[in-house]
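Could you build all of it, start to finish, from the sequences and the hints given here?
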Amino acid sequence: MMRLYVEGVGLLGPGLDGWSASRAVLAGEAPYVAAPTNLRASDMLPAAERRRAGVPIKLALTVGQEAFLQAGRETKSASTVFTSSGGDNDNVHAINGILATAPREVSPTRFHNSVHNAAAGYWCIAAGTHEPSTSLCAYDASFVAGLLESATQVVVDDAVVALIAYDHGYPEPLHSVRPITAAFGVALILTRQQSDKSLAAIEVGFGSGKVSETTMKDEALEALRKGVPAARVLPLLAALAAARATQISIDYLDDNHLDIRVMPC
Amino acid sequence: MQPLVISQFTLANSLGLGSAATMDALRARRSGLIPCAFEDVDLEAYIAKVEKLDSYRVRPDLSAYDCRNNRLAQLCLEQDGFVDAIEAAKKRYGNTRIGVFLGTSTSGILQTELAYRHLDPQTGALPSDFHYAETQNSYSLAGFVTHYLGLTGPSFVVSSACSSSAKVFANALRMMAAGVCDAAVVGGVDSLCLSTLYGFNSLGLVSRFPCRPYDAERDGISVGEGAGFVLIERAAAASANNSMFLLGVGESSDAYHMSTPHPEGLGAKLAMQRALDSAGLQVGDIDYINLHGTATRSNDASEGKAVADVFGDKVPCSSTKGWTGHLLGAAGITEAIIAMLAVEQGFIPGSVNTRQLDPAIAIDYRIENGAGTIRRVLSNSFGFGGSNCSLVLGRQA
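So the sequences go chain by chain: Y and A. Just remember that this note's numbering sits 1258 ahead of the position in the first sequence, which is counted from 1. Just remember that this note's numbering sits 155 ahead of the position in the second sequence, which is counted from 1.
I should point out that these hints are in silico values taken from the structure, not numbers from a laboratory. Any given hint could be a false lead.
[Claimed, not checked] Taking lysine-lysine pairs in the DSS-like style, the calculated list, with each CA pair at most 25 Å apart, reads:
(1) LYS1455(Y) x LYS1334(Y)
(2) LYS246(A) x LYS1468(Y)
(3) LYS1468(Y) x LYS1484(Y)
(4) LYS245(A) x LYS1468(Y)
[What the hints assert, rightly or not] Which residues of chain Y face chain A? A few of them, derived with a C-beta cut under 7 Å, are:
(5) ALA1358
(6) VAL1364
(7) PRO1366
(8) PHE1369
(9) THR1392
(10) CYS1395
(11) PHE1464
(12) SER1466
(13) ASP1513
[To be verified] Listed next, with one range per pair, are the computed distances between beta-carbon atoms:
(14) ALA243(A) x PRO1289(Y): 52 to 60 Å
(15) GLY1465(Y) x ARG247(A): 15 to 23 Å
(16) SER210(A) x GLY1465(Y): 37 to 45 Å
(17) GLN551(A) x GLU1287(Y): 55 to 63 Å
(18) ARG389(A) x GLN1451(Y): 24 to 32 Å
(19) ARG1310(Y) x ALA175(A): 42 to 50 Å
(20) GLN551(A) x GLY1286(Y): 51 to 59 Å
(21) SER218(A) x PRO1289(Y): 44 to 52 Å
All C-beta atoms, glycine included, are put in the ideal place defined by N, C-alpha and C.
Written out as structure tokens, the structure reads:
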């Protein structure tokens, strides 16, 4: 098991407008009320970039900023791991439409926003960080892959890592073949050393074979967990919100999983 | 870092299938670039294509994964005894103890591009034989490769544009250092599609000629397709002198612009310096640098400045993209393997298509092929979003 500390959390999802505002809901102390995700462009970006920002960039920067504020760390000091099942799904749909008919004029902005690491690129510019950044995908297990990668960076490289996971829905016709039910983003600041800001220690371990996944008690939150790859984080957030020692399992690939032990500080 | 052994490698691209075919083309100075003839693309450009893919299919039990990118993955895995090496590794470590970390920028997006031409006229739905998860999704590549090789360890795809399949070396070394796995398959695949051809063209970055890295008159890239894989293991206590090692990895971010490198090569310098530091090596320990060298005005100027600042003009350098084209998400692995072939064969690849060196770039850029003792090499890969990665490969001290 790899041991690390969670020092800050950022959250933006349907009815989950920030980590601070959502803690009671996730801890089961207040009812969950569904509402559209309150997407907004981050003031970290210059005006020109803000206009070009699609949903993933809005999600990633909003949650990243919230997590860093809580941790009280400078954004330029941390390595970043971005993970998402898709990229900018609206943009991919638009490009496919443009390429299907003449004259196939893909704009430069559409093209550079189409790379999977677009959110990472905008983040690094906004955060002014030259630290390593990686952008991952593991389909439904993208959050798990990101957490595993982040944990190895923390324990092997002794890095402070901002893990930022996000996903949002495709327009039709792709929505029918890959339904993602909401726009959802989460950020975790992960460290090797405990600080006065640490919320909890977590131990993360890769396990082979299938086990039964930890689910959410609330039906609507459980539907959200299943409906958005990045929302697979919800049981971990619930444990952090309740500040309760908890053991969690999340599915990884066909034949393995991740075990997470949460120990509040 | 603790050096890791690269016990097997294989590659496939327009130069041919397998290491020997690539070496033959490098020695014969036979470029893989041809005038663009791909689907119905109407651009004046050169491309590097793996002709066999049009008629090739993936293994029948994995037919849902059939797309140009996974065909190229399978075609590559079948070369250089790679599958046999994996079977032997499975016996040594077990299927769950071998990780799979692969890079791609566009995965099977060609499948979606073509499907959008055949939407149902009534409902607008995609064709019923379209398989999103197995083709378009970025993870498709690693999903296919884990199933093809029968591996059940940790796995993901890194998609950070043109640095993707260099960065996966860092993922593998961390996973192994943390004890999550004992060995790893690392590599990358990118295949031709309309998104990249028209996209790079919209940025004015595609040359009408075969690309001319580091040439004074260079005017853009030639897009290619290719694949490469390596098997990484921990070094045995007494590894042979002729073993190939991953010695160092350096990663950095430009924090400058989405599609233009930092003009002073700031991120590139950081990546190279961090790679040397992680290897515990000095500038003088590097015998050859395989440059990113895309042949755009800005990349070669920025990278050339960074290399000159870190290494001066004493280390032989070249970009091999005049041979292979720009393999995007497969560039890192392909060039890492070419750099390892340089060590194995005592061969310094020059640079095809480059005629007149840019006098503003003060490095030892080689146009002609050369020979000599090469013990350690550095390979650069830089991508959109300012994502940089440098690798140090070769023999131990």
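Status of the hints after comparison with the structure:
1. About 18 Å separates the Cα atoms of LYS1455(Y) and LYS1334(Y), which keeps this hinted pair within 25 Å; it holds.
2. Using a Cα cut-off of 25 Å, the hinted pair LYS246(A) and LYS1468(Y) holds, with the two alpha carbons roughly 22 Å apart.
3. Between LYS1468(Y) and LYS1484(Y) the CA atoms are separated by roughly 17 Å; this keeps the pair inside 25 Å, and the hint holds.
4. Between the alpha carbons of LYS245(A) and LYS1468(Y) the distance comes to roughly 20 Å, so the proposed pair stays at or under 25 Å and holds.
5. With 7 Å as the threshold, the beta carbon of ALA1358(Y) comes within range of chain A, its nearest partner Cβ sitting at about 4 Å, so the hint holds.
6. At its closest, the beta carbon of VAL1364(Y) sits 5 Å from a beta carbon of chain A; the interface hint therefore holds under the 7 Å criterion.
7. Checking PRO1366(Y) against chain A by beta carbon gives a least distance of about 5 Å; that is within 7 Å, so the hint holds.
8. The criterion of a C-beta within 7 Å of any C-beta in chain A is met by PHE1369(Y), whose closest approach is roughly 3 Å, and the hint holds.
9. Contact between THR1392(Y) and chain A, as hinted, is supported at the beta carbon level, the nearest pair being about 6 Å apart and thus within 7 Å.
10. This hint holds: CYS1395(Y) has a C-beta 4 Å from the nearest C-beta of chain A, less than the 7 Å allowed.
11. Interface restraint check for PHE1464(Y): the shortest CB-CB distance to chain A comes to about 5 Å, inside 7 Å, so the restraint holds.
12. Satisfaction of the interface hint for SER1466(Y) is found here, the shortest Cβ-Cβ separation to chain A being roughly 4 Å, below the 7 Å cut-off.
13. Taking 7 Å as the C-beta cut-off, the interface hint given for ASP1513(Y) holds, the closest approach to chain A being about 5 Å.
14. Between ALA243(A) and PRO1289(Y), the C-beta spacing of about 57 Å keeps the proposed range 52 to 60 Å intact.
15. With their beta carbons about 21 Å apart, GLY1465(Y) and ARG247(A) fall inside the hinted range of 15 to 23 Å.
16. A hinted range of 37 to 45 Å holds for the C-beta pair SER210(A) and GLY1465(Y), which are about 42 Å apart.
17. The hinted range of 55 to 63 Å is satisfied by GLN551(A) and GLU1287(Y), whose Cβ atoms lie roughly 58 Å apart.
18. A hinted range of 24 to 32 Å for the beta carbons of ARG389(A) and GLN1451(Y) is consistent with their spacing of about 28 Å.
19. The beta-carbon spacing between ARG1310(Y) and ALA175(A), approximately 46 Å, falls within the hinted interval of 42 to 50 Å.
20. Between GLN551(A) and GLY1286(Y), the C-beta spacing of about 56 Å keeps the proposed range 51 to 59 Å intact.
21. Judged by the Cβ atoms, the range 44 to 52 Å given for SER218(A) and PRO1289(Y) holds: they are separated by roughly 47 Å.
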